[in-house]
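Each residue of the sequence shown is one higher than the one before, counting from 1 in full-length UniProt numbering.
Heads up, some of the hints might be wrong.
[Stated by the list, open to error] Below, simulated EDC-like cross-link-like pairs (lysine to aspartate or glutamate); rule was C-alpha separation at most 16 Å, straight line: (1) 284 / 317; (2) 239 / 183; (3) 428 / 362; (4) 410 / 384; (5) 239 / 222; (6) 239 / 226; (7) 410 / 345; (8) 402 / 380; (9) 138 / 122; (10) 435 / 417; (11) 428 / 384; (12) 410 / 380; (13) 146 / 85; (14) 138 / 174; (15) 387 / 430; (16) 217 / 237; (17) 146 / 317; (18) 70 / 85; (19) 387 / 421; (20) 213 / 226; (21) 188 / 280; (22) 349 / 85; (23) 188 / 122; (24) 175 / 280; (25) 271 / 289; (26) 415 / 362; (27) 284 / 300; (28) 188 / 174; (29) 175 / 316; (30) 175 / 145; (31) 146 / 384; (32) 97 / 289; (33) 217 / 242; (34) 271 / 316.
Bear in mind the hints are in silico, worked out from the structure with no lab data behind them.
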Amino acid sequence: MRCLRWSAGTRAARGLGFSVGCGVGAARKGSLPALARIGVGVRMASGDAAGGAALKKTPLYDLHVAHGAKMVPFAGYSLPMQYQDSSLSDSHHFTRKHASIFDVSHMVQHVFRGPGAVDFLERITPSSWHDLPRMEGKLTTLLWDKTGGIVDDCIVTRLGDEEFFVVTNGACLEKDVGFIRQELERLKLQDMVEWCVLQNAGLVALQGPGAAKVLSKVLASDIGLDTFYFGSSRWADLKWSEAAEPHPVLISRGGYTGEDGFEMALDLANKAAPTAAVVEALLKAGGPESVRLAGLGARDSLRLEAGMCLYGHDLDDSTTPVEAGLSWVVSPGRRTTAASFNGAEKIIKQLTPRSKGGSGVERRRVGLLVQGAPAREGAEIQHDGQKVGVVTSGGPSPTLGKNIAMGYVKDGLHKPDTRLDVLVRGRKREAIVTKMPFVPANYHRAVRK
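Work the whole structure out from these sequences, hints included.
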(Lines of atoms letter the chains of each structure in order from A; the text may use other names.)
(Lines give C-alpha, C1' and ligand atoms only; values in the text may rest on other atoms or scores of the structure.)
Protein backbone atom coordinates (compact mmCIF):
# COMPACT_ATOMS: atom_id res chain seq x y z
CA MET A 1 0.00 0.00 0.00
CA ARG A 2 1.11 3.56 -0.74
CA CYS A 3 -0.14 6.73 0.85
CA LEU A 4 0.47 10.04 -0.90
CA ARG A 5 0.59 12.94 1.50
CA TRP A 6 0.29 16.67 1.04
CA SER A 7 1.81 19.01 3.59
CA ALA A 8 3.89 22.14 3.71
CA GLY A 9 7.54 21.60 2.90
CA THR A 10 9.44 19.69 0.28
CA ARG A 11 8.37 16.99 -2.17
CA ALA A 12 10.60 14.44 -0.50
CA ALA A 13 9.06 11.11 0.44
CA ARG A 14 8.19 10.82 4.10
CA GLY A 15 6.73 8.29 6.49
CA LEU A 16 3.59 8.98 8.47
CA GLY A 17 2.27 7.10 11.47
CA PHE A 18 -1.27 7.69 12.67
CA SER A 19 -3.40 6.26 15.43
CA VAL A 20 -6.90 4.92 14.95
CA GLY A 21 -9.25 3.45 17.52
CA CYS A 22 -9.56 -0.30 17.22
CA GLY A 23 -12.05 -2.32 19.19
CA VAL A 24 -13.26 -1.13 22.57
CA GLY A 25 -10.82 0.99 24.56
CA ALA A 26 -7.87 -0.04 22.39
CA ALA A 27 -5.74 1.59 19.72
CA ARG A 28 -3.50 0.43 16.92
CA LYS A 29 -0.74 2.32 15.22
CA GLY A 30 -0.97 2.36 11.45
CA SER A 31 2.19 2.88 9.44
CA LEU A 32 1.61 4.19 5.95
CA PRO A 33 4.95 4.03 4.10
CA ALA A 34 6.21 5.65 0.91
CA LEU A 35 4.47 8.98 1.33
CA ALA A 36 4.95 11.86 -1.03
CA ARG A 37 3.66 15.37 -1.23
CA ILE A 38 0.65 15.82 -3.51
CA GLY A 39 1.37 18.84 -5.65
CA VAL A 40 0.19 20.33 -8.91
CA GLY A 41 0.76 17.92 -11.78
CA VAL A 42 1.95 15.04 -9.60
CA ARG A 43 0.74 11.69 -10.94
CA MET A 44 -1.30 9.77 -8.42
CA ALA A 45 -0.36 6.37 -9.81
CA SER A 46 1.16 4.84 -12.91
CA GLY A 47 -1.31 4.69 -15.77
CA ASP A 48 -3.44 7.55 -14.45
CA ALA A 49 -2.63 9.94 -17.25
CA ALA A 50 -5.35 11.22 -19.52
CA GLY A 51 -5.72 10.03 -23.09
CA GLY A 52 -4.59 6.56 -24.08
CA ALA A 53 -2.94 5.59 -20.81
CA ALA A 54 -3.21 2.03 -19.61
CA LEU A 55 -6.13 1.35 -17.32
CA LYS A 56 -5.27 0.82 -13.68
CA LYS A 57 -6.06 -2.45 -11.96
CA THR A 58 -7.56 -2.90 -8.52
CA PRO A 59 -6.19 -5.55 -6.14
CA LEU A 60 -9.06 -7.79 -7.33
CA TYR A 61 -8.35 -7.63 -11.07
CA ASP A 62 -6.98 -11.18 -11.34
CA LEU A 63 -9.87 -12.53 -9.27
CA HIS A 64 -12.39 -10.86 -11.60
CA VAL A 65 -10.77 -12.38 -14.67
CA ALA A 66 -10.57 -15.81 -13.03
CA HIS A 67 -14.31 -15.66 -12.31
CA GLY A 68 -15.19 -14.81 -15.91
CA ALA A 69 -15.86 -11.11 -15.57
CA LYS A 70 -16.54 -8.87 -18.55
CA MET A 71 -14.09 -6.05 -17.84
CA VAL A 72 -14.79 -2.46 -18.89
CA PRO A 73 -13.08 0.90 -18.33
CA PHE A 74 -14.49 2.98 -15.47
CA ALA A 75 -12.90 5.89 -13.57
CA GLY A 76 -9.51 5.04 -15.08
CA TYR A 77 -9.70 1.40 -13.95
CA SER A 78 -10.52 -1.91 -15.55
CA LEU A 79 -13.58 -3.08 -13.59
CA PRO A 80 -16.16 -5.86 -13.99
CA MET A 81 -19.46 -5.01 -15.68
CA GLN A 82 -20.89 -8.47 -15.00
CA TYR A 83 -19.85 -12.12 -14.72
CA GLN A 84 -20.33 -14.88 -17.28
CA ASP A 85 -22.63 -16.96 -15.08
CA SER A 86 -25.13 -14.16 -14.38
CA SER A 87 -27.05 -11.53 -16.36
CA LEU A 88 -27.31 -7.96 -15.08
CA SER A 89 -30.93 -8.57 -14.08
CA ASP A 90 -30.10 -11.85 -12.32
CA SER A 91 -27.29 -10.19 -10.39
CA HIS A 92 -29.58 -7.31 -9.42
CA HIS A 93 -32.31 -9.65 -8.10
CA PHE A 94 -29.75 -11.82 -6.31
CA THR A 95 -28.44 -8.79 -4.41
CA ARG A 96 -31.94 -7.79 -3.34
CA LYS A 97 -32.66 -11.33 -2.09
CA HIS A 98 -29.29 -12.58 -0.82
CA ALA A 99 -25.87 -10.85 -0.88
CA SER A 100 -23.35 -9.71 -3.48
CA ILE A 101 -19.73 -8.58 -3.34
CA PHE A 102 -18.71 -5.45 -5.23
CA ASP A 103 -15.16 -4.27 -5.89
CA VAL A 104 -15.11 -0.57 -5.00
CA SER A 105 -11.33 -0.27 -4.71
CA HIS A 106 -11.38 2.41 -7.43
CA MET A 107 -12.93 4.76 -4.88
CA VAL A 108 -10.40 7.13 -3.33
CA GLN A 109 -9.62 6.74 0.37
CA HIS A 110 -8.29 9.72 2.32
CA VAL A 111 -7.24 10.24 5.93
CA PHE A 112 -7.32 13.74 7.47
CA ARG A 113 -5.68 14.15 10.84
CA GLY A 114 -4.61 16.99 13.09
CA PRO A 115 -5.88 19.93 15.13
CA GLY A 116 -7.24 21.63 12.01
CA ALA A 117 -9.10 18.63 10.59
CA VAL A 118 -12.55 19.51 11.98
CA ASP A 119 -12.28 23.17 10.95
CA PHE A 120 -11.13 22.17 7.48
CA LEU A 121 -13.98 19.74 6.89
CA GLU A 122 -16.47 22.30 8.20
CA ARG A 123 -15.22 24.80 5.61
CA ILE A 124 -15.29 22.54 2.56
CA THR A 125 -18.59 20.79 3.41
CA PRO A 126 -21.93 22.08 4.79
CA SER A 127 -22.09 19.39 7.47
CA SER A 128 -21.23 19.56 11.16
CA TRP A 129 -18.24 17.45 12.27
CA HIS A 130 -17.33 18.77 15.71
CA ASP A 131 -20.26 16.89 17.26
CA LEU A 132 -20.10 13.69 15.21
CA PRO A 133 -19.43 10.73 17.56
CA ARG A 134 -16.41 8.51 17.01
CA MET A 135 -16.91 5.65 14.57
CA GLU A 136 -19.96 7.30 13.01
CA GLY A 137 -20.13 8.50 9.43
CA LYS A 138 -22.42 10.26 6.97
CA LEU A 139 -22.75 11.40 3.39
CA THR A 140 -21.83 14.97 2.57
CA THR A 141 -20.68 17.09 -0.35
CA LEU A 142 -17.45 18.94 -1.06
CA LEU A 143 -18.38 22.46 -2.18
CA TRP A 144 -16.81 25.15 -4.30
CA ASP A 145 -16.39 28.48 -2.58
CA LYS A 146 -18.75 31.27 -3.73
CA THR A 147 -20.91 29.11 -6.03
CA GLY A 148 -21.80 26.27 -3.63
CA GLY A 149 -21.50 23.84 -6.55
CA ILE A 150 -20.77 20.21 -5.71
CA VAL A 151 -17.12 19.25 -6.24
CA ASP A 152 -17.91 15.65 -5.26
CA ASP A 153 -20.06 13.66 -2.87
CA CYS A 154 -18.31 11.60 -0.21
CA ILE A 155 -18.66 9.58 2.98
CA VAL A 156 -16.88 10.93 6.06
CA THR A 157 -16.25 8.75 9.13
CA ARG A 158 -14.79 10.00 12.39
CA LEU A 159 -12.01 7.68 13.59
CA GLY A 160 -10.80 9.84 16.47
CA ASP A 161 -11.08 13.33 17.93
CA GLU A 162 -8.87 14.77 15.20
CA GLU A 163 -8.97 12.00 12.61
CA PHE A 164 -11.37 11.35 9.74
CA PHE A 165 -11.61 8.72 7.01
CA VAL A 166 -13.08 10.08 3.77
CA VAL A 167 -14.08 8.15 0.65
CA THR A 168 -14.52 10.09 -2.61
CA ASN A 169 -15.31 9.07 -6.18
CA GLY A 170 -12.58 7.50 -8.29
CA ALA A 171 -13.56 9.44 -11.40
CA CYS A 172 -12.96 12.71 -9.52
CA LEU A 173 -9.48 11.83 -8.25
CA GLU A 174 -7.44 14.58 -9.91
CA LYS A 175 -10.11 17.25 -9.40
CA ASP A 176 -10.63 16.35 -5.74
CA VAL A 177 -6.91 16.29 -4.98
CA GLY A 178 -6.47 19.68 -6.66
CA PHE A 179 -9.46 21.10 -4.78
CA ILE A 180 -8.30 19.83 -1.37
CA ARG A 181 -4.76 21.08 -1.92
CA GLN A 182 -6.08 24.47 -3.05
CA GLU A 183 -8.38 24.79 -0.03
CA LEU A 184 -5.67 23.82 2.47
CA GLU A 185 -3.50 26.57 1.02
CA ARG A 186 -6.29 29.15 0.82
CA LEU A 187 -7.35 28.53 4.41
CA LYS A 188 -3.71 28.38 5.57
CA LEU A 189 -4.24 25.03 7.29
CA GLN A 190 -1.28 23.15 5.78
CA ASP A 191 0.46 22.91 9.14
CA MET A 192 -2.73 21.98 11.00
CA VAL A 193 -3.90 19.08 8.84
CA GLU A 194 -2.10 15.92 7.78
CA TRP A 195 -3.72 14.51 4.66
CA CYS A 196 -2.91 11.29 2.90
CA VAL A 197 -4.46 9.50 -0.05
CA LEU A 198 -4.28 5.72 0.09
CA GLN A 199 -3.08 4.16 -3.14
CA ASN A 200 -3.92 0.67 -4.39
CA ALA A 201 -6.01 0.17 -1.28
CA GLY A 202 -8.60 -2.59 -1.12
CA LEU A 203 -12.21 -1.51 -0.58
CA VAL A 204 -14.94 -4.13 -0.79
CA ALA A 205 -18.73 -3.78 -0.48
CA LEU A 206 -20.87 -6.70 0.72
CA GLN A 207 -24.50 -5.81 0.01
CA GLY A 208 -27.87 -7.46 0.51
CA PRO A 209 -30.17 -8.80 3.24
CA GLY A 210 -27.86 -11.78 3.75
CA ALA A 211 -24.71 -9.68 4.12
CA ALA A 212 -24.51 -9.85 7.93
CA LYS A 213 -24.77 -13.64 7.97
CA VAL A 214 -21.99 -13.99 5.39
CA LEU A 215 -19.73 -11.48 7.16
CA SER A 216 -20.17 -13.20 10.52
CA LYS A 217 -18.47 -16.31 9.15
CA VAL A 218 -15.15 -14.56 8.50
CA LEU A 219 -15.01 -12.51 11.71
CA ALA A 220 -12.38 -13.70 14.18
CA SER A 221 -14.64 -12.64 17.07
CA ASP A 222 -18.15 -11.36 17.70
CA ILE A 223 -18.45 -7.60 17.07
CA GLY A 224 -22.15 -7.35 17.90
CA LEU A 225 -23.66 -7.22 14.42
CA ASP A 226 -27.19 -6.90 15.83
CA THR A 227 -26.37 -3.53 17.39
CA PHE A 228 -24.05 -2.41 14.59
CA TYR A 229 -26.34 0.06 12.84
CA PHE A 230 -26.43 1.86 9.50
CA GLY A 231 -23.93 4.72 9.39
CA SER A 232 -21.66 3.24 12.05
CA SER A 233 -18.17 1.79 11.68
CA ARG A 234 -16.21 -0.73 13.72
CA TRP A 235 -12.75 -2.19 13.72
CA ALA A 236 -12.88 -5.96 13.37
CA ASP A 237 -10.42 -8.80 12.91
CA LEU A 238 -11.04 -10.87 9.79
CA LYS A 239 -9.83 -14.45 9.51
CA TRP A 240 -10.01 -15.69 5.92
CA SER A 241 -8.35 -19.07 6.44
CA GLU A 242 -7.39 -21.39 9.28
CA ALA A 243 -3.71 -20.66 8.69
CA ALA A 244 -4.11 -16.90 8.36
CA GLU A 245 -3.45 -14.57 11.23
CA PRO A 246 -6.45 -12.29 11.89
CA HIS A 247 -6.10 -8.81 10.37
CA PRO A 248 -7.88 -5.66 11.59
CA VAL A 249 -10.04 -3.90 9.00
CA LEU A 250 -12.43 -0.97 9.17
CA ILE A 251 -16.01 -2.09 8.51
CA SER A 252 -18.76 0.47 7.86
CA ARG A 253 -22.44 -0.45 7.72
CA GLY A 254 -23.98 1.07 4.62
CA GLY A 255 -23.52 1.05 0.88
CA TYR A 256 -24.80 2.14 -2.51
CA THR A 257 -27.69 -0.25 -3.12
CA GLY A 258 -30.41 0.65 -0.62
CA GLU A 259 -29.93 -2.73 1.04
CA ASP A 260 -28.31 -3.65 4.31
CA GLY A 261 -24.60 -4.14 3.82
CA PHE A 262 -21.03 -3.35 4.71
CA GLU A 263 -18.01 -1.65 3.17
CA MET A 264 -14.62 -2.96 4.27
CA ALA A 265 -11.49 -0.81 4.09
CA LEU A 266 -8.72 -3.39 4.13
CA ASP A 267 -5.59 -1.21 4.21
CA LEU A 268 -5.99 1.16 7.18
CA ALA A 269 -4.33 -0.90 9.92
CA ASN A 270 -0.66 -1.81 10.52
CA LYS A 271 -0.73 -4.40 7.76
CA ALA A 272 -3.01 -4.56 4.74
CA ALA A 273 -5.35 -7.52 4.57
CA PRO A 274 -5.03 -9.40 1.25
CA THR A 275 -8.08 -8.21 -0.67
CA ALA A 276 -8.46 -11.21 -2.97
CA ALA A 277 -8.10 -13.68 -0.09
CA VAL A 278 -10.79 -11.85 1.88
CA VAL A 279 -13.20 -11.94 -1.06
CA GLU A 280 -12.57 -15.63 -1.74
CA ALA A 281 -13.19 -16.33 1.95
CA LEU A 282 -16.51 -14.46 1.81
CA LEU A 283 -17.56 -16.43 -1.28
CA LYS A 284 -16.59 -19.71 0.35
CA ALA A 285 -18.24 -18.84 3.66
CA GLY A 286 -21.60 -18.08 2.10
CA GLY A 287 -21.59 -20.47 -0.84
CA PRO A 288 -23.02 -19.69 -4.30
CA GLU A 289 -26.61 -19.80 -3.05
CA SER A 290 -25.94 -17.05 -0.51
CA VAL A 291 -23.30 -14.73 -1.94
CA ARG A 292 -21.89 -13.97 -5.40
CA LEU A 293 -19.74 -11.43 -7.18
CA ALA A 294 -21.51 -8.51 -8.85
CA GLY A 295 -20.34 -5.79 -11.22
CA LEU A 296 -20.94 -2.22 -12.28
CA GLY A 297 -24.13 -3.03 -14.19
CA ALA A 298 -26.01 -4.33 -11.17
CA ARG A 299 -24.51 -1.64 -8.96
CA ASP A 300 -25.91 1.06 -11.24
CA SER A 301 -29.46 -0.34 -11.43
CA LEU A 302 -29.48 -0.93 -7.67
CA ARG A 303 -28.37 2.62 -6.84
CA LEU A 304 -30.90 4.06 -9.32
CA GLU A 305 -33.74 2.17 -7.62
CA ALA A 306 -32.42 3.52 -4.31
CA GLY A 307 -32.57 7.08 -5.68
CA MET A 308 -28.85 7.58 -5.14
CA CYS A 309 -26.84 10.04 -7.21
CA LEU A 310 -23.88 9.23 -9.45
CA TYR A 311 -21.40 12.08 -9.65
CA GLY A 312 -20.85 13.38 -13.17
CA HIS A 313 -24.42 12.43 -14.07
CA ASP A 314 -26.87 13.43 -11.33
CA LEU A 315 -24.42 15.80 -9.62
CA ASP A 316 -21.82 18.19 -10.99
CA ASP A 317 -19.90 21.38 -10.31
CA SER A 318 -22.84 23.60 -11.26
CA THR A 319 -25.37 21.88 -8.99
CA THR A 320 -25.92 22.78 -5.34
CA PRO A 321 -27.09 20.35 -2.64
CA VAL A 322 -30.47 22.13 -2.50
CA GLU A 323 -31.09 21.66 -6.22
CA ALA A 324 -29.99 18.03 -5.94
CA GLY A 325 -32.48 17.22 -3.19
CA LEU A 326 -29.63 16.82 -0.71
CA SER A 327 -30.51 19.71 1.59
CA TRP A 328 -30.21 17.34 4.55
CA VAL A 329 -26.40 17.38 4.21
CA VAL A 330 -26.57 20.97 5.51
CA SER A 331 -26.61 20.39 9.26
CA PRO A 332 -29.35 22.24 11.20
CA GLY A 333 -26.85 24.27 13.21
CA ARG A 334 -25.23 25.58 10.03
CA ARG A 335 -28.38 26.97 8.40
CA THR A 336 -27.71 30.55 9.44
CA THR A 337 -26.43 33.66 7.71
CA ALA A 338 -23.33 33.36 9.92
CA ALA A 339 -22.40 29.99 8.39
CA SER A 340 -18.87 29.95 6.99
CA PHE A 341 -18.79 26.85 4.78
CA ASN A 342 -18.01 27.17 1.09
CA GLY A 343 -20.97 28.55 -0.84
CA ALA A 344 -22.92 29.26 2.36
CA GLU A 345 -24.31 32.59 1.20
CA LYS A 346 -25.90 31.06 -1.90
CA ILE A 347 -27.03 27.83 -0.24
CA ILE A 348 -28.64 29.54 2.79
CA LYS A 349 -30.56 31.80 0.39
CA GLN A 350 -31.74 28.74 -1.54
CA LEU A 351 -32.90 27.10 1.68
CA THR A 352 -34.81 30.23 2.73
CA PRO A 353 -38.36 30.53 1.32
CA ARG A 354 -38.91 33.40 -1.12
CA SER A 355 -41.62 34.69 1.23
CA LYS A 356 -38.88 35.26 3.81
CA GLY A 357 -36.40 36.90 1.46
CA GLY A 358 -34.74 33.75 0.14
CA SER A 359 -34.00 32.95 -3.47
CA GLY A 360 -35.30 29.40 -3.70
CA VAL A 361 -34.01 27.36 -6.65
CA GLU A 362 -34.78 27.29 -10.36
CA ARG A 363 -34.60 23.51 -10.74
CA ARG A 364 -34.90 20.38 -8.62
CA ARG A 365 -33.90 16.73 -8.92
CA VAL A 366 -36.89 14.40 -9.26
CA GLY A 367 -37.70 10.75 -9.73
CA LEU A 368 -39.74 9.70 -12.77
CA LEU A 369 -41.80 6.66 -13.76
CA VAL A 370 -41.54 6.52 -17.55
CA GLN A 371 -44.04 4.78 -19.82
CA GLY A 372 -42.86 2.78 -22.84
CA ALA A 373 -39.15 2.70 -23.70
CA PRO A 374 -36.63 3.62 -20.98
CA ALA A 375 -35.38 7.21 -20.85
CA ARG A 376 -31.61 7.53 -20.73
CA GLU A 377 -29.25 10.28 -19.66
CA GLY A 378 -29.67 13.39 -21.78
CA ALA A 379 -33.32 12.81 -22.70
CA GLU A 380 -35.32 16.04 -22.77
CA ILE A 381 -38.13 16.50 -20.25
CA GLN A 382 -41.13 18.54 -21.44
CA HIS A 383 -44.28 20.09 -20.00
CA ASP A 384 -46.99 21.34 -22.35
CA GLY A 385 -44.55 20.95 -25.23
CA GLN A 386 -41.85 23.11 -23.64
CA LYS A 387 -38.48 21.89 -22.41
CA VAL A 388 -38.41 22.01 -18.61
CA GLY A 389 -35.53 19.70 -17.77
CA VAL A 390 -33.29 16.77 -18.62
CA VAL A 391 -32.84 13.15 -17.55
CA THR A 392 -29.55 12.46 -15.76
CA SER A 393 -29.93 8.71 -15.06
CA GLY A 394 -32.47 6.21 -16.30
CA GLY A 395 -33.21 2.62 -17.21
CA PRO A 396 -35.40 -0.37 -16.44
CA SER A 397 -36.04 -1.24 -12.80
CA PRO A 398 -35.64 -5.02 -12.41
CA THR A 399 -37.43 -4.91 -9.05
CA LEU A 400 -40.46 -2.88 -10.19
CA GLY A 401 -40.66 -4.10 -13.76
CA LYS A 402 -41.01 -0.46 -14.85
CA ASN A 403 -38.80 2.18 -16.41
CA ILE A 404 -37.45 4.72 -13.93
CA ALA A 405 -35.31 7.82 -14.23
CA MET A 406 -33.88 10.76 -12.34
CA GLY A 407 -33.49 14.24 -13.72
CA TYR A 408 -33.84 17.95 -13.10
CA VAL A 409 -37.01 19.95 -13.79
CA LYS A 410 -38.11 23.52 -13.23
CA ASP A 411 -39.08 24.37 -9.69
CA GLY A 412 -42.82 23.91 -9.25
CA LEU A 413 -42.94 20.84 -11.49
CA HIS A 414 -41.18 18.68 -8.92
CA LYS A 415 -44.21 17.69 -6.87
CA PRO A 416 -45.24 13.99 -6.84
CA ASP A 417 -47.81 12.94 -9.46
CA THR A 418 -46.95 15.85 -11.77
CA ARG A 419 -47.39 14.62 -15.35
CA LEU A 420 -44.57 15.36 -17.78
CA ASP A 421 -43.24 14.00 -21.07
CA VAL A 422 -39.80 12.64 -21.90
CA LEU A 423 -38.46 12.53 -25.45
CA VAL A 424 -37.14 9.02 -26.13
CA ARG A 425 -35.73 8.55 -29.63
CA GLY A 426 -37.81 11.48 -30.82
CA ARG A 427 -41.08 10.19 -29.36
CA LYS A 428 -42.90 11.57 -26.35
CA ARG A 429 -43.24 9.18 -23.44
CA GLU A 430 -45.39 9.99 -20.44
CA ALA A 431 -43.44 10.45 -17.22
CA ILE A 432 -44.90 10.89 -13.76
CA VAL A 433 -42.94 12.54 -10.96
CA THR A 434 -42.61 10.12 -8.06
CA LYS A 435 -40.98 10.10 -4.65
CA MET A 436 -37.60 8.46 -4.22
CA PRO A 437 -36.31 5.95 -3.39
CA PHE A 438 -38.21 3.97 -6.01
CA VAL A 439 -37.67 0.83 -3.91
CA PRO A 440 -37.89 1.13 -0.09
CA ALA A 441 -34.53 1.09 1.69
CA ASN A 442 -33.66 -1.92 3.80
CA TYR A 443 -31.05 -0.50 6.17
CA HIS A 444 -30.28 -2.01 9.57
CA ARG A 445 -31.32 0.75 11.95
CA ALA A 446 -32.08 0.89 15.65
CA VAL A 447 -35.78 0.45 16.41
CA ARG A 448 -37.30 3.73 17.55
CA LYS A 449 -39.23 3.41 20.81
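Structure-based check of each hint:
1. 284 / 317: Answer violated: residue 284 to residue 317 is near 43 Å, above 16 Å.
2. 239 / 183: 40 Å, violated
3. 428 / 362: 24 Å, violated
4. 410 / 384: 13 Å, holds
5. 239 / 222: 12 Å, holds
6. 239 / 226: Between residue 239 and residue 226 the Cα gap is close to 20 Å, so the pair fails against 16 Å, i.e. violated.
7. 410 / 345: Roughly 22 Å separates the two Cα atoms, so the pair is violated.
8. 402 / 380: 19 Å, violated
9. 138 / 122: Holds. Residue 138 to residue 122 sits at ~13 Å (cutoff 16 Å).
10. 435 / 417: 9 Å, holds
11. 428 / 384: 11 Å, holds
12. 410 / 380: Holds: residue 410 and residue 380 sit about 12 Å apart, inside 16 Å.
13. 146 / 85: 50 Å, violated
14. 138 / 174: 23 Å, violated
15. 387 / 430: Holds, at roughly 14 Å.
16. 217 / 237: Measuring from Cα to Cα gives roughly 12 Å; hence the hint holds.
17. 146 / 317: 12 Å, holds
18. 70 / 85: 11 Å, holds
19. 387 / 421: 9 Å, holds
20. 213 / 226: 11 Å, holds
21. 188 / 280: This hinted pair is violated, its Cα atoms lying about 45 Å apart.
22. 349 / 85: 52 Å, violated
23. 188 / 122: 14 Å, holds
24. 175 / 280: 34 Å, violated
25. 271 / 289: Violated: residue 271 and residue 289 sit about 32 Å apart, past 16 Å.
26. 415 / 362: 14 Å, holds
27. 284 / 300: 26 Å, violated
28. 188 / 174: 21 Å, violated
29. 175 / 316: 12 Å, holds
30. 175 / 145: Given that 16 Å is the threshold and the Cα spacing comes to 15 Å, the pair holds.
31. 146 / 384: Violated. Residue 146 to residue 384 sits at ~35 Å, over the 16 Å cutoff.
32. 97 / 289: 10 Å, holds
33. 217 / 242: 12 Å, holds
34. 271 / 316: 36 Å, violated
Consistency note: the structure conflicts with the earlier hints numbered 1, 2, 3, 6, 7, 8, 13, 14, 21, 22, 24, 25, 27, 28, 31, 34.
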